[in-house]
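Okay, here's what each chain looks like letter by letter:
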Amino acid sequence: MEAEAAKYIGAGIACLGMGGAGIGLGQIFGNYLAGALRNPSAADGQFGRLIFGFAVTEALGIFSLLVALMLLFVV
Amino acid sequence: MANDPIHQFQIQKLFPIEVGGMDFSFTNSSLFMVATVAAASAFLIFSTSGRGLVPTRMQSVSEMAYEFVAGMLRDAAGSEGMRFFPMVFSLFMFVLVANLFGMFPYFFTVTSHIIVTFALAMLVILTVVFYGFMRHGMGFLKLFVPDGVPAALIPLVTMIEVISFLSRPISLSVRLFANMLAGHITLKVFSGFVVSLSTLGAVGIFGAILPLGMTVALTALEFLVAFLQAYVFTVLTCMYLNDAIHPSH
Amino acid sequence: MNSSSPDQKDDNSAANPPEAGLSGRRDQLNRTLNERKQEEAAVSRRSTGSATGYAQAVKMSSEFIAGIVVGAGMGWLLDEWLGTSPFGLIVFLLLGFVAGVLNVLRAAGQIAEPGARPPKQDDRSD
Numbered sequence: 001m002e003a004e005a006a007k008y009i010g011a012g013i014a015c016l017g018m019g020g021a022g023i024g025l026g027q028i029f030g031n032y033l034a035g036a037l038r039n040p041s042a043a044d045g046q047f048g049r050l051i052f053g054f055a056v057t058e059a060l061g062i063f064s065l066l067v068a069l070m071l072l073f074v075v
Numbered sequence: 076m077a078n079d080p081i082h083q084f085q086i087q088k089l090f091p092i093e094v095g096g097m098d099f100s101f102t103n104s105s106l107f108m109v110a111t112v113a114a115a116s117a118f119l120i121f122s123t124s125g126r127g128l129v130p131t132r133m134q135s136v137s138e139m140a141y142e143f144v145a146g147m148l149r150d151a152a153g154s155e156g157m158r159f160f161p162m163v164f165s166l167f168m169f170v171l172v173a174n175l176f177g178m179f180p181y182f183f184t185v186t187s188h189i190i191v192t193f194a195l196a197m198l199v200i201l202t203v204v205f206y207g208f209m210r211h212g213m214g215f216l217k218l219f220v221p222d223g224v225p226a227a228l229i230p231l232v233t234m235i236e237v238i239s240f241l242s243r244p245i246s247l248s249v250r251l252f253a254n255m256l257a258g259h260i261t262l263k264v265f266s267g268f269v270v271s272l273s274t275l276g277a278v279g280i281f282g283a284i285l286p287l288g289m290t291v292a293l294t295a296l297e298f299l300v301a302f303l304q305a306y307v308f309t310v311l312t313c314m315y316l317n318d319a320i321h322p323s324h
Numbered sequence: 325m326n327s328s329s330p331d332q333k334d335d336n337s338a339a340n341p342p343e344a345g346l347s348g349r350r351d352q353l354n355r356t357l358n359e360r361k362q363e364e365a366a367v368s369r370r371s372t373g374s375a376t377g378y379a380q381a382v383k384m385s386s387e388f389i390a391g392i393v394v395g396a397g398m399g400w401l402l403d404e405w406l407g408t409s410p411f412g413l414i415v416f417l418l419l420g421f422v423a424g425v426l427n428v429l430r431a432a433g434q435i436a437e438p439g440a441r442p443p444k445q446d447d448r449s450d
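Protein chains in written order, with my numbering: chain H, 1 to 75; chain L, 76 to 324; chain Y, 325 to 450.
Among the hints, a few may not be true.
Cβ-Cβ distance ranges computed for the label pairs, FRET-style [said to hold, decoys possible]: (1) Y:ASP351 to H:GLN27: 26 to 36 angstroms; (2) H:LYS7 to L:LEU228: 30 to 40 angstroms; (3) Y:TRP405 to L:ALA194: 23 to 33 angstroms; (4) H:TYR8 to L:PHE205: 39 to 49 angstroms; (5) H:GLY20 to L:ALA227: 53 to 63 angstroms.
Quick caveat, the hints were computed from the structure, so don't treat them as lab data.
As the structure is a computational prediction, the values presented were derived from the model and not from experiment.
All C-beta atoms in this analysis are idealised placements derived from N, C-alpha and C, irrespective of residue type, glycine included.
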C-alpha cells in the first residue's frame with residue numbers, strides 16, 4: 001500500500017474516536033436533562049459542572065481530531 | 076435536476092468582467108446585493124420623505140427599525156457607541172433585507188454564502204480593532220488580560236483570550252451562513268418531496284399534503300430565522316463595539 | 325372626568341384642592357403603566373430568549389467550533405512559518421479548544437464578557 005493512501009485511511013480511523021466522544025456527550029447531556037427534569041430548581045446550579053464534564057469529554061474527542069489533522073497535514 | 080437542493084446557491088456570471096487576470100464578473104450574487112441595497116435605501120428614503128409628525132404606516136416601520144437598532148446599540152455600548160450607529164444600522168438593514176429577499180421563490184440568498192457573511196464579520200472586527208487601537212492605543216490590549224489572574228497564568232490566559240477574540244468573526248459569520256443555508260436546503264428538500272410524491276398518482280397526491288404543510292410551517296420559521304439572525308448579528312456587533320469603546324472594566 | 329376613576333377616595337378628596345387628587349391619580353397611573361411595561365419587557369425578552377432552541381444550538385456549536393478552527397489554523401500557520409511542526413498544531417489546537425469552551429460559557433451567560441459592566445449582565449442573553 002502506498003504511504004499516501006495509508007495516511008488518509010489512518011486519518012479516517014482516527015476520526016472514529018470522535019464518535020466515542022459523541023456517545024459520552026450524549027450521556028452527559030442526557031443525564032443532565034433527566035436530572036434537571038426531576039429537580040428543575042437545582043439545574044442552574046449544576047450548569048458549570050455540566051460544562052466541565054462536556055469539556056473533559058470533548059477533550060478526548062479533540063485528541064483524535066488532533067491525530068487526524070496531524071496525519072493529514074503534518075506527517 | 077430540478078430537485079437539486081444545492082442548485083439555488085450556484086453563482087452564475089451575468090456579465091463576465093476580467094481585470095488583470097482577476098475575475099471581477101458581475102454575478103447573480105452581486106445583482107442581489109445591489110438589489111438589497113437599492114431596496115433598503117429606497118424603502119428608507121421613500122418612507123421618510125413625508126416627514127409627517129404623525130407617521131404614516133411606512134414611516135412608522137422605518138422609525139421602528141431606527142428605534143430598535145438605536146436602543147440595542149445604546150444598551151450594549153452606551154451613548155458613546157452611537158457614533159457607530161450608521162454602520163450598525165446599515166449592517167442590520169443589509170442582513171435583514173438580504174435574508175428576506177432570499178425568501179422569494181427563485182431569488183438568490185446572498186447571506187447563504189460564507190464569504191459574504193465572513194466579509195461582513197471581518198468589517199465589524201476590523202472596525203473594533205482599528206477603533207480600539209486609535210482610541211486607547213496599547214491600552215486596548217488590556218482586553219486580553221482579565222483582572223485577578225495569577226501572574227504565572229497570564230501568558231496562557233492571554234493566549235486563550237486572543238484565540239477567543241479571533242474566533243469571533245468566524246462564529247459570527249458561520250452562524251448566519253449556516254442558518255440561512257440549512258433553512259433554505261430544508262425548505263427545498265421538503266418542497267421537492269411534494270413534487271416527487273404528487274407524481275405517484277392519487278395516493279401520492281394525498282400523501283403530498285404532509286410535506287406541503289411542513290413546507291408552509293418551515294416558510295414561517297424561515298421568516299422568523301431571517302429576522303432573528305439579523306438581530307443576533309447586530310446584537311453581537313454592538314457587544315464587540317462595546318469592547319472597542321470600553322476595553323477594561 | 326371621573327368616569328373611570330380607579331377608586332372612590334379621589335372623589336372624597338374633591339373638596340380639597342383638585343390638584344392633590346389629580347396628581348395622586350397620575351402617580352397611580354404611572355405605577356400601573358410601569359408595571360405593565362416591565363411585564364411586557366419580560367415577556368418579549370423571554371420570547372426572544374427561547375424563540376427557537378435550534379437557533380440557540382447553532383449559536384453554541386458555532387462558538388465552540390470557531391474556537392477550535394481558529395486554534396488549529398493559528399497552530400498550522402505558526403508551524404509553516406517557524407518550522408516547529410507538529411508542536412504548534414498540538415498546542416494551539418488544545419488552546420483553541422479551551423477558548424471554544426470559554427466562548428460557550430460566555431454565550432451561555434455563565435462568565436462575564438471581558439469588557440462587561442457587571443450590572444449589564446442580564447442583557448447578554450441575546
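Next item on the list: Using the beta carbons of GLY20 of chain H and ALA227 of chain L, state whether their distance is inside 53 to 63 angstroms or not.
Entry: violated (34 angstroms)
Check: Is the distance from the Cβ of ASP351 of chain Y to the Cβ of GLN27 of chain H consistent with 26 to 36 angstroms?
Finding: Violated, at about 57 angstroms.
Check: Does 30 to 40 angstroms hold as the CB distance between LYS7 of chain H and LEU228 of chain L, or does it fail?
Finding: holds (37 angstroms)
Note to self: Range first: 23 to 33 angstroms. Now tell me if the beta carbons of TRP405 of chain Y and ALA194 of chain L are that far apart.
What the structure shows: Since TRP405 of chain Y and ALA194 of chain L have Cβ atoms about 25 angstroms apart, the given range 23 to 33 angstroms holds.
Checklist line | 39 to 49 angstroms as the expected CB spacing between PHE205 of chain L and TYR8 of chain H, which holds or is violated | finding: holds (42 angstroms)
When the structure is compared with the earlier hints, violations turn up for hints 1 and 5 and for no others.
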